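Chains as they are written, first to last, in my numbering: chain A, 63 to 178; chain B, 850 to 965.
Bear in mind the hints are in silico, worked out from the structure with no lab data behind them.
Misleading hints may appear alongside valid ones.
What the hints assert, rightly or not - Restraint-style ranges between C-beta atoms, simulated for each label pair:
(1) B:SER871 to A:PRO103: 19 to 27 Å
(2) A:TYR126 to B:TYR859: 28 to 36 Å
(3) B:GLN903 to A:ASP80: 40 to 48 Å
(4) B:SER871 to A:ASN129: 36 to 44 Å
Keep in mind it's a predicted model, so treat the numbers as computed, not measured.
Glycine included, each C-beta is placed from N, C-alpha and C at the ideal position.
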Amino acid sequence: AQKVTQAQTEISVVEKEDVTLDCVYETRDTTYYLFWYKQPPSGELVFLIRRNSFDEQNEISGRYSWNFQKSTSSFNFTITASQVVDSAVYFCALSETNFGNEKLTFGTGTRLTIIP
Amino acid sequence: KAGVTQTPRYLIKTRGQQVTLSCSPISGHRSVSWYQQTPGQGLQFLFEYFSETQRNKGNFPGRFSGRQFSNSRSEMNVSTLELGDSALYLCASSLGRGREGYNEQFFGPGTRLTVL
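Let the sequences and hints guide you as you build the complete structure.
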């Protein structure tokens, strides 16, 4: 069975600080996808990144970066120079790649508060 | 391109009633998935429809059902509502091709259901 663990329930940092959100996953599949979504107070899940299990390159997009390590089954997300607009709940998710199975298994989320 | 739309956005029902929620996917998307989000259980997969057929199902009782129409719009129905059904119900759409790799899921704003 698949499982995603986000051990950090809530994090608060002062604006401009860097912050890392942790994600650890479990799966028996050799091929899978990992995701990060952002959920602002409005409720809609906003897609941030997708990474497949064969691509362990780290990725940077502006102030966001992701560190994928298969050896530790982790897919951590770092926000550099945080801003108040980054305040939201962030979810890590995992998906199998079997045909016809695009079900996402989500972690419990990390509520990030950026203090101005 | 218009995003995923869900109606209604807010709904208040009483125990024992039934409710129908609607989801209109992004134009061209043939797969619609439904998720339930509660503070206690987090984000949980309900079911997925592709070309009017239920292709995948989560662990929810039979009171939760859905369907998809020929235009890919989907509805989910919850009968005999219980207090624990109070949640944010999120719909996501994707191309749903499966074999060509993971197809991105785009989420709607959700329907917040309150059961009194």
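Here's how the hints hold up against the structure:
no., hint, result
1, B:SER871 to A:PRO103: 19 to 27 Å, "holds, 23 Å"
2, A:TYR126 to B:TYR859: 28 to 36 Å, "holds, 32 Å"
3, B:GLN903 to A:ASP80: 40 to 48 Å, "holds, 44 Å"
4, B:SER871 to A:ASN129: 36 to 44 Å, "holds, 39 Å"
Checked against the numbered hints above, the structure breaks none of them.
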